[in-house]
Amino acid sequence: MALEGHLRDLPLIDMLYIFQASHKVGKVCFTHGTDLGMIWLQDGQLVHAIAVNARTKVPLAQGEEAIALLFEWSDASFRFMELCADEQVKVSITSPLEVVLFNALQQRQSKHMRQSHLEPNSLVRLAPQLAPSCSGGISLSIDHWRIISHLVVETSVEQLADELNYSYDQLIKLLEEMITLNLVNIHTPLAVPQRQCMVGTSLAPQQQQRHVRSLVEAVKQRLRFRMQRGGVHVSH
Amino acid sequence: MSVIKVVITGPYATGKSQFIRTISEIEVVDTDVPVTNSEELLIKEYTTVGLDYGMITLESGDTLCLFGTPGQERFDFLWEVLAEGCLGYIVLVDSCRPAHIEDTFTLLQRFTQLTAAPFIVGATKQDLPGALPPAYLHRRLGLPPSIPVVGCNACDPDSVQSVLESLMDHIELILKHQL
Ligand SMILES: Nc1nc2c(ncn2[C@@H]2O[C@H](COP(=O)(O)OP(=O)(O)OP(=O)(O)O)[C@@H](O)[C@H]2O)c(=O)[nH]1
Ligand SMILES: [Mg+2]
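If you read the protein sequences in the order shown, they are chains A and B.
In terms of this note's numbering, the first sequence opens at residue 9 and continues consecutively.
In terms of this note's numbering, the second sequence opens at residue 36 and continues consecutively.
Since the hints were made in silico from the structure, they are not lab data.
Note that the structure is a prediction, hence the values are computed from the model and not measured.
Don't take every hint at face value.
Label-pair restraints from in silico Cβ distances [unchecked claim]:
hint	chain 1	residue 1	chain 2	residue 2	range
1	A	S164	B	G96	47 to 55 angstroms
2	B	P179	A	H219	24 to 32 angstroms
3	A	A10	B	A170	27 to 35 angstroms
Just so you know, even glycine gets a beta-carbon here, dropped at the ideal spot from N, CA and C.
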């Protein structure tokens with residue numbers, strides 16, 4: 009078992025930034041109908057990519073072009089794999105990730121094929137760690153900066169379009185670029201009602217709290233004891 | 036003498052049974068049966084149809100009981116019974132199955148309405164290649180910053196222990212804020 013799924017559940021952009029941040033070494037195989045794609049990662053960096061037609065064995069693309077093609081396969085399935093013991097990885101991609109992704113986004117053929125699940129009511133916010141300065145020559149436009157200055161608080165796409173006086177399509181395009189550059193995250197917050205520590209006894213609130221605190225302390229003590237003894241005796 | 040109830044929940048095949056089996060002192064009451072649904076078979080061979088139940092006795096004489104919820108939706112009616120009077124609960128999310136993030140979100144929505152007990156999220160299968168990091172799962176699940184997502188390997192006793200400890204720490208923190 010390893011990481012596997014569909015790009016609709018884990019967008020390619022997210023996947024590549026996660027692998028970069030965790031310095032992943034390995035490869036990912038993508039299946040899209042009869043087409044196959046494969047990317048290779050060294051120390052989290054995307055170093056090589058290919059796409060072929062599995063039936064005819066005809067190569068479809070290589071390097072950055074293959075990444076651009078993967079962007080079109082939004083319903084592809086994927087599987088992470090570790091490198092084989094003596095696998096020599098070819099290098100066909102040398103640009104920084106954000107540049108590769110930004111270029112791929114620009115080349116995307118179908119304008120309707122969205123990389124993210126942006127809807128009018130989606131909430132967007134600045135990414136907690138802004139992407140490293142785009143060393144590959146991507147500079148932000150005044151529109152990007154306007155959006156950044158409005159995202160100090162989490163805002164819905166609809167509200168942002170209103171506030172900045174952009175058309176919906178114009179804003180989506182800008183936001184997608186910023187998501188690609190890892191500057192902005194989409195966020196669907198879970199509404200969690202206030203938590204309460206009760207354990208179902210009919211004690212007064214103050215006593216309940218004392219009771220819960222003593223139970224928690226007892227559990228912690230037991231767990232620490234387990235640690236000291238070097239493991240619990242599990243009998244099956 | 037008290038029975039302290041902690042519920043281990045999460046979507047199908049996230050490692051609930053494994054989590055309880057790994058830490059329980061007693062032989063876990065095994066209600067797993069072979070999977071019959073062909074889609075589910077792709078994920079695993081056995082599923083829990085009843086309850087997973089594990090136990091850890093405390094020095095005070097109290098007992099910590101771990102209850103696992105059955106993963107498949109047709110057993111949802113058991114959730115309410117299990118959630119009642121629990122000290123806290125742990126929602127497990129599979130770090131290697133992004134397709135299940137949405138199911139986990141839905142489960143979280145329902146469980147947080149069902150009980151006001153404190154909870155944390157355990158991201159299982161962190162030992163497997165390509166596992167998604169807890170911070171990413173935290174974001175995708177739309178969790179408030181105060182709710183921790185702790186990475187774990189449900190097969191490793193130390194890892195399971197540290198998830199339980201995180202839940203206890205989290206409960207203590209809530210108690211402090213309630214003062
Ligand atoms: N390597 C690894 N395997 C795990 C981990 N957690 C669970 N597994 C394995 O994943 C499979 C499914 O785990 P279960 O414990 O049966 O999952 P479950 O949540 O009880 O499943 P249902 O009862 O069907 O909902 C089993 O083979 C486990 O051993 C983990 O953290 N790491
Ligand atoms: Mg089970």
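Okay, the hints, checked on the actual structure:
A hinted range of 47 to 55 angstroms holds for the C-beta pair S164 of chain A and G96 of chain B, which are about 53 angstroms apart. A hinted range of 24 to 32 angstroms for the beta carbons of P179 of chain B and H219 of chain A is consistent with their spacing of about 26 angstroms. For A10 of chain A and A170 of chain B, the hinted distance range of 27 to 35 angstroms is not satisfied, since their beta carbons lie about 20 angstroms from each other.
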